[in-house]
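Chains as they are written, first to last, in numbering that gives the first Met the number 0: chain Y, 0 to 537; chain W, 0 to 323.
You can take every hint at face value.
Quick partial rundown of chain Y residues pointing at chain W, CB under 7 Å, derived from the structure:
hint: 1; residue: Leu47
hint: 2; residue: Gly48
hint: 3; residue: Arg130
hint: 4; residue: Ser132
hint: 5; residue: Glu187
hint: 6; residue: Arg190
hint: 7; residue: Lys210
hint: 8; residue: Thr243
hint: 9; residue: Ala246
hint: 10; residue: Ala247
hint: 11; residue: Lys249
hint: 12; residue: Glu252
hint: 13; residue: Asp418
hint: 14; residue: Ser421
hint: 15; residue: Leu423
hint: 16; residue: Ala457
Only pairs whose alpha carbons sit at most 30 Å apart, straight line, appear in this in silico DSSO-like list of lysine-lysine:
hint: 17; chain 1: Y; residue 1: Lys532; chain 2: Y; residue 2: Lys33
hint: 18; chain 1: W; residue 1: Lys58; chain 2: Y; residue 2: Lys298
hint: 19; chain 1: W; residue 1: Lys49; chain 2: Y; residue 2: Lys193
hint: 20; chain 1: Y; residue 1: Lys298; chain 2: W; residue 2: Lys49
hint: 21; chain 1: Y; residue 1: Lys193; chain 2: Y; residue 2: Lys239
hint: 22; chain 1: Y; residue 1: Lys183; chain 2: W; residue 2: Lys49
Computed beta-carbon distance windows for the label pairs:
hint: 23; chain 1: Y; residue 1: Thr37; chain 2: W; residue 2: Arg73; range: 39 to 47 Å
hint: 24; chain 1: W; residue 1: Glu52; chain 2: Y; residue 2: Lys331; range: 45 to 53 Å
hint: 25; chain 1: Y; residue 1: Glu187; chain 2: W; residue 2: Lys6; range: 38 to 46 Å
hint: 26; chain 1: W; residue 1: Phe237; chain 2: Y; residue 2: Asn395; range: 46 to 54 Å
hint: 27; chain 1: W; residue 1: Leu183; chain 2: Y; residue 2: Pro515; range: 30 to 38 Å
hint: 28; chain 1: W; residue 1: Leu98; chain 2: Y; residue 2: Gln270; range: 28 to 36 Å
hint: 29; chain 1: Y; residue 1: Thr368; chain 2: W; residue 2: Asn57; range: 49 to 57 Å
hint: 30; chain 1: W; residue 1: Leu183; chain 2: Y; residue 2: Asp122; range: 48 to 56 Å
hint: 31; chain 1: W; residue 1: Asp75; chain 2: Y; residue 2: Glu470; range: 48 to 56 Å
hint: 32; chain 1: W; residue 1: Met0; chain 2: Y; residue 2: Pro431; range: 58 to 66 Å
hint: 33; chain 1: Y; residue 1: Asp220; chain 2: W; residue 2: Arg73; range: 36 to 44 Å
hint: 34; chain 1: W; residue 1: Leu98; chain 2: Y; residue 2: Glu384; range: 38 to 46 Å
Worth flagging that the hints you see were computed from the coordinates, not collected in a lab. Just so it is clear, CB atoms sit at the ideal spot from N, CA and C, and this is done for glycine as well.
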Amino acid sequence: MSRKRPSLALTLGSIALLSLTLLVADLSAAQTPKRGGTLRVAYGNEILGLDFHTVPGYEMIWVATNVGCGLISITPDGKFVPDAAESWQISPDALLYTFKLKKNVLFHDGTQVDAAVVKFNIDRIMDPATRSSMRTFYEAVHSVEVLDPYTVQIRLKHPYAFMMHMLAAYRMGLVLYSPAATQKYTAEERRAGKPEAVVGCGPFRLVEWVKGVHLVMDRFDKYFEPGVPYLDRVVIRVIKDPVTQMAAFKAGEIDFIADFSADHVDILRAQNPRAQIMTGKETTPMVAMMKVTVPADGKPMSKDRAPHPIFNDLRVRKAVACYGIDRKEIVKIAFKGHATPWLGIIPPGTLDTVDVTPMCPYDPARAKTLLAEAGYGPQKPLTFELLTNTEKSVFNVIVTVIKEQMARIGVTANIRLVDKPSWLTTTTQDGPFDMYVEDLASLLTVDQNTYLSTTTAAWNHSRHTDPKVDEYYTRYAREMDQAKRKAIAREFQEFSADKLYWNTISGSPFYQIAQPWMKGYVYQAEFKVHYKKVWLDK
Amino acid sequence: MRSYVLKRLLQIVPTVLMITLVVFVMMQSVPGDPVVVLLGDAYTEEDAIKVREEYGLNKPIVVQYSIWLGKLVRGDWGISILSGRPVLHDVLVRLPVTLELIVLSMGVALAIAIPAAIIGALRQNTWADYTATTTAMIGVSIPEFFIGVLLLLVFSIGLGGLLPSSGWVYLPGTCPMMVCGVSLWGNLQHVLMPALALGVGRAAILTRLLRASMLEVIRTEYVTTARAKGVGERSVVFKHALKNALIPTVTVMGLQVGFLIGGAIVVETLFAMPGLGTFGIDAIIARDYQQVQGFALITAVAFVVMNLIVDLTYTFLDPRIRYA
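Isolated chain W (complex conformation) (with noise of 0.2 Å):
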C-alpha cells in the first residue's frame, strides 16, 4: 500500500510538468501581450522591448519555460508580470476559499446524490423515481451560473440579505491576511449559496449514475441472499448494497473534482469570492504567465492528488482490491 501510494505521488511530477508544460505553450500562443497592459498608457515600442527583456519575455518559449522550472525547484513561484506580487503568496491566500469550497459542494452533491439515487432505485418506476430521476435531468441541465443568479435573487436579495451575496468569512484560525472577517457562522453564511451553485449540477450526475448502480447491485445474488437470511433491510441497502454500489460513483467523482474547479471559476466570479478561480481567470485574462502557471501547477496537483485519495477509498468500500 504504502509502495503503492508512493509510486503514485512520483507520477504526479510527470503528469504537472506536463499539464504545466502545454499551459505555457498555449498561453504564449494565445494574442495578447501582458507588456501592453503593464505599459498602458505609457507604452512605447522601446519601452516594451526593454520590460520584454527585463522579464526574459524575448527568450525563445523552451527557455523560458526551463526558467520557470528552475525556480520552481527553487521553491521560486515567480512574480507576477503585472502586479510584481509573489505569485506563491497570493496561490496560498486564495487556495484555502477554492478547497472548502469544492470540498463542500462535493458534499452538496452527495448529500443530495445517495438520498435520491437509493430512493430511485428501491421505488424503480414509481413517482419517487420519476422525481428523482427528472429533477437530476434539470441539475444536469442548468448552469452554475444561472443557479447562482437565482439563488442570489431569492437569498440575497428576495428575502432581504438573508445570506450575503459576494465576498468572504475565513473559518476561526484560517486567516492568510492581516484584515480578515472571521467567523464560523459567517463563513458558513458565504459558502452555502456557492456550494449550492456548484454542487446542484454534480448532484445531477451523481444521482443518475448510482441509481443505475444500485439497480444493478440490488438484483445481485448477494443482495437476495442477505434478505432470505432475514438481514434487515436499511442493512441490505446501506451495508451490502450501496457500498458496493459507490465504486463507480466514487471513481466518477474523482473525476469531477477537474468539472468543481472549471466551475468554481464561474461560481467565484459570480459571489465575487477571493479564491483561485478568480486567480486564474484574472490571470488568464491579463496575460500574466506567472500567474497562470501557478494556476495551472496547484489545480493539477489538486486533481492528481484527489484522484489519488479516490483510488484509495476503494479498498474501504471493497476490502477484496488491494494495492500491492
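So here's chain Y without its partners, still in its complex pose (with noise of 0.2 Å):
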C-alpha cells in the first residue's frame, strides 16, 4: 500500500500536469491570430456613398477607416496614437503642430504617402469648393505647410484643444486620399464608389461596392504595420431588418453586426449565449429639442427671427421638457432600461461629461404650475406637435411616450410622423415644427457638436439666438488647460440644462454584436470601426 500511493499520486499528478500544458497550449494558440478567411459583416444602412471627405453616414465612415489612414488614431481610453505620422510635437503657444511621417506608408496605387500629401488632403476638406462635412472642424487651421519630405506643419489660428481630437476621430478622423486618384477622378466616380478612384492608405483595399448588393475590401499586403490585417476579405452587406440580421446571425451567416438594434438585445442574448455583445456609455445623446424662434418675415432660414409663440417661452420649455418629461419612464419603455437618463448636453460616454439630470426632476404638479403662470390651464390648453421620422422604431415608442406624459400635464402633443428626408428637410431648412424626438450626431467631445449648435449653424434646429452658447464652445475649444476646460464644461451643461436650447431625454444606445469566432476587435463605440486586427478563430 505504502509503494501504491506514491505511484498513484505521481499518475495523477502527471494527468494533471499533462491536462494543464495541453491546456495552456490550447488556451495559447487560440489567441495567436490566425490569418486568412473572410469576415461577413451587417451594416443596418445604406453606404450613401465613397467619398470619404464629403459623404455623410456612419456606415461611410465605418469603410473610411479601413480603407483610409491618417495622421493619428485614438484608442478607447482616449491615447492618442500613431498612424501615418510616427511622432508629433505641439508648439508651447499650442499653435504649431508639427508631424513626422512614417517612410513605409503607401498608398492602394503604390504611391508614397508624405507632407504633401497631408497638405493636399487638408486643403481639400478646407476648401468651400469641395464641400466637406469635416470644413466646420478645419476652422482654426490657419494653413499648412510642408518643411521636408516627412515633416509636415499643421498652423493654427488660435489655440484649439482638441486639434487632435479632430485628427484622431472627428467623424473619422483626417483620412488621406492619394492625390494621384483623387486628381485623376471626379468627385462623382469617387462617391459612386469607382475603386481606381477612392484609394487610401489604410489595411484594406476597395475591390467593389455595389449599391444595396455589397462592399468588398481586400487585404492590402503592403500595409504598412507589419503582419497585419489577417484577414483576406470583409464583405459587408446591408441587412435593415433586425429580425432578419437576427436570423442570419443565429444560422452563422453573418460574423459581425456594426451597428444592432438596442430593443432586440436581449432577443439576441437568449436566442445567442455566446455572442459577444459590446457597448459602452452612451455617446450619442436623444433629443427632444423645440424651436424656439422663427423667421419674423415667413422666409425659413431668415436672420430676422420672431419668438416661438409656444417654446419661446422659457417658463413653458421648463414646464414641458424639464419638469414634465420622466426621463426614466422613457427610458424603461422606449430601451427596456438600456440606456440612461439624461439631460445635459454632453452625453454620458462623452468627454467632460456631467450629470446635470437632477435639475430637472420629473415633477408634473411643477409643471402645471409653470403652464399657469404662463397663461396655460383649462381654458387656454396648449397644444403643440411632436415631429419624429421612421428611421428608428425606438423614436416612435418615445413621442407615444411623451404624448402620454404630456397628457399629464394637461397639454396636448399631436405626433407627426414623417420620413427622415422629410425631418431634415423640415428641421434643417427651418420648417415648421416645435418639438421633435430623435437622436443626433455621435460625440467624442462636446466641441464636435458646434455645428448641431451655435447661433450661425445650419443645423442648430431649435433656431435660439443665444450668443452665450456660442461663448461657451469657443471658450471650451480654446482653454488649454485641462481643469479649466472642465470647469467650462460643467458651467456650460448647467446652462444648457438651464436654458433648454438643447433637451437631452437620454443617451442613445450603440451595439455592436459579434460571433464567438471573430477575435481581435476593439469596440469604439461609432466613432471607429477597424478591422486589422480581426481576425477567425474558426
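Join these two chains into a complex; the hints should help.
Below, the structure is given as C-alpha cells:
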C-alpha cells in the first residue's frame, strides 16, 4: 500500500500536469491570431457614397477607417497613437502641430504618403468647393506647410484644445486620399465607389461596391504595419430588418453586426448565449428639441427672427421638457432600461460630461404651475406638434410616451411621423415644427457639436439666437488647461440644462454584435470600426 | 399576330411615358429634399443652392422631366443624385434577382392553386373542398411579411439554418458583378423562402378564381358530352375543363404581376435581397429622383410586357381566339 500511494499520486499529478500543459497550449494557440478568411459584416443602413471627405453617414465612415489611414488614431481610453505619423510635436503656444511621417506608408495605387499628401488632403477639406462635412472642424487651421518630404506642420489661427481629437476621430478623423487618384477621377466617381478612384492607405483596399448589394475590401499586402491585417477579405452587406439580422446571425451567415437595434438585444442574447455583445456609455444624445424662434418675415432661414409662439417662453420649455418629461419612464419603456436618463448637452460617454439630470426632476405639479404662470390651463390648453421620423422604431415609442406624459400635465402633443428626408428638410431648412425627437451625432467631445447648436449653424434646429452658447463653445475649445476646460464644460452643461435650447432626454445606446469566433476587435462606439486586427478563430 | 404584337409593343411607349411622368411629378411633390440628404452635416443654404443648380433641380418640373426624357432617348438613364452611380447599371444588377423571384413566386402560386382548385371543384362541398377554400381564405388574409417572418423563424432559426435567411447567390452565368456567390443549389436555397412568402398570397387568390371557373366549366355541355363519349376523367379535367377555365385566371395572373412587384419590395427588404424592390424603396426614401425614375420605368415596362405575354397565351388556351 505504501508503495502504491506515491505511484497513484504521481500518475494523477502527471495527468494533471499534462492536462494543464495541453490546456495552456490550447489557450495560447487560441489566442494566436490566424491569418486568412472572410469577415461577413451586416450594416443596418445603406452606405451613401464613398467620397470620404464629403459623404454623410456612419456606414461610410466605417468603410473609410479601413480603406484610409490618417495621421493619428485614438484608443478607447483616449490616448493618441501613431497612424501614418510616427511622432508629433505641439508648440508651447499650441499654434503649431508638427508631424513626422513614417517612410513606409503607401497608398493602394503604390504612391507614397508624404508631407505633400497631408497638405493636399487638408487643403481639399478646407476648400469650400469640396463641400466637406469636415470643413467646420478645420476653422482653427490657418495653413499647412511642408517642412521636408516627411515633415508637415499645421499652423493654427488660435489655440484649439481638440486639434488632436479632431484629426484622430471627429467623424472619421483625417483620412488621406491618394492625390494622384483624386486628381485623375471626379468627385462623382469617388462617391460612386469606383475602386480606382477610392484610393487610401489603410489596411484594406476597396474591391467593389455595388449599392444595395455589397461592399468588398481585400487585405492590402503592402500595409505599413507589419503582420496585419489578418483577414483576406471583408464583405459588408446591408440587412435593415433586425429580425433578419438576428436570423442571419443565429444561422452563422454573418460574423459581425456593426450597429444593432437596442430593442432586440435581449432576444439576441437569449438566442445566442455565446455572442459577444459590445456596448458602452452612450456618446449620442436622444433629444426632444424645441424650436425657440421662427422667421419673422416667414422666409425659412431668415436672419430676422421672431419668438416661437410656444417654446420661446422659458417657463413653457421648463414645464414641458424639464419637469413634464419623465426621463426614467422613457428609458424603461423605449429602451427596456438599456440607456441612461440624461439631461446634459454632453452625453454620458463623452469627454467632460457631468450629470446635470437632477436639475430636472420629474414633477408634474411644478410643470402645471409653470404652465399656469405662462397663461396655459383648462381655459387655454397648450397644444403642440411632436415631430419624429421613421428611421428608428424607438423614436415612435418615445414620442408616444411623451404624448402620454404631456396628457398628465394637461398638454396635448400631436404626433407627426414623417420619413427621414422629410424630417431633415423640415428641421434643417427652418421648416415648421414645435418639438422633435431624434438622436443626433455621436460625440467624442462636445466641441464636435458646434455645427449642431451654435447660433449660426445650419443644423441649429432650435434656431436659438443666444450668443452665450457660442461663447461657451469658443471658451471650451480654446482653453488649453484641462482643469479649467472641465470647469467650463460643467458651467456649459448647467447653462444648457437651465435654458433648454438643447433638451436631451437620454443617451442613445449603441450595440455591436460579434460571433464568438471573431477575435481581436476593439469596441470604440460609433467612432471607429477597425478590422485590421480582427481574425477568425474557426 | 405579328402586327398585333407590334401594335401592343408600340402601345408600351405612351403607357410608360405617362407612368414615368406621373411618378416624376409625384416625387417632386412629396416633401423631402435630396440635396439635404446629399449634403448631410455639411449642409448650408449657399451650398444647397449650388447643388440644386448643378443637378438642375432648380428648374421647373416639366423642364427637368424633358431633360430626363432626352437623356433616356440617348440610352442614358441618369446618375443617382446621392451615390453618383449610373442608374441603368444598378437597375441591371438588380433586375435578375427580382425577375427570378417573381417568376418563381408565380410558379409557387400555380403549383398550389391548380391542384387545390381542381380538387375543390371536383369534390364540391366535401371536406377537401372546404379545406382548399379555407386555406385559400387564410392565404389571402395573411400579408407577405408575416408569412416571411414565420418562414424565417422556422427554416432559418428553428431548424438550425436549414435555409439562408438573407442575401443572394446567383445562378451560374448570371453574376453581374466582380464578386458573387454563384451556385444553382445556393440560388434555390436563397429564393425558396422569398418565393413562398410572395407566392402563397397569390396562390390563394388564384385558387378561389380557378375553382369558380372550374365549377362553371365542368357543368357545360361539352364536358358532359366528353364524359358521355367515354373520354377518361383525367383527360376531361385537364384537356377540356382546365384549359378553358384557365382563361380568366391567366388574365388575373397578368394583373397580379403588379402586386408581385409591390410584394417584392416587402419580401426583398425582409430577406435582405439585392433586388429591384429594395432598390426602389431605398430610392423613394432617399428622394433619389433619378433612381425612382429608373425603378418606375423598368417596373412599368415589366408590367406591360408581362400582360402582353398573358394576352398571347390566350391563343394557346383557346385556339378560337385570334389576333388580327
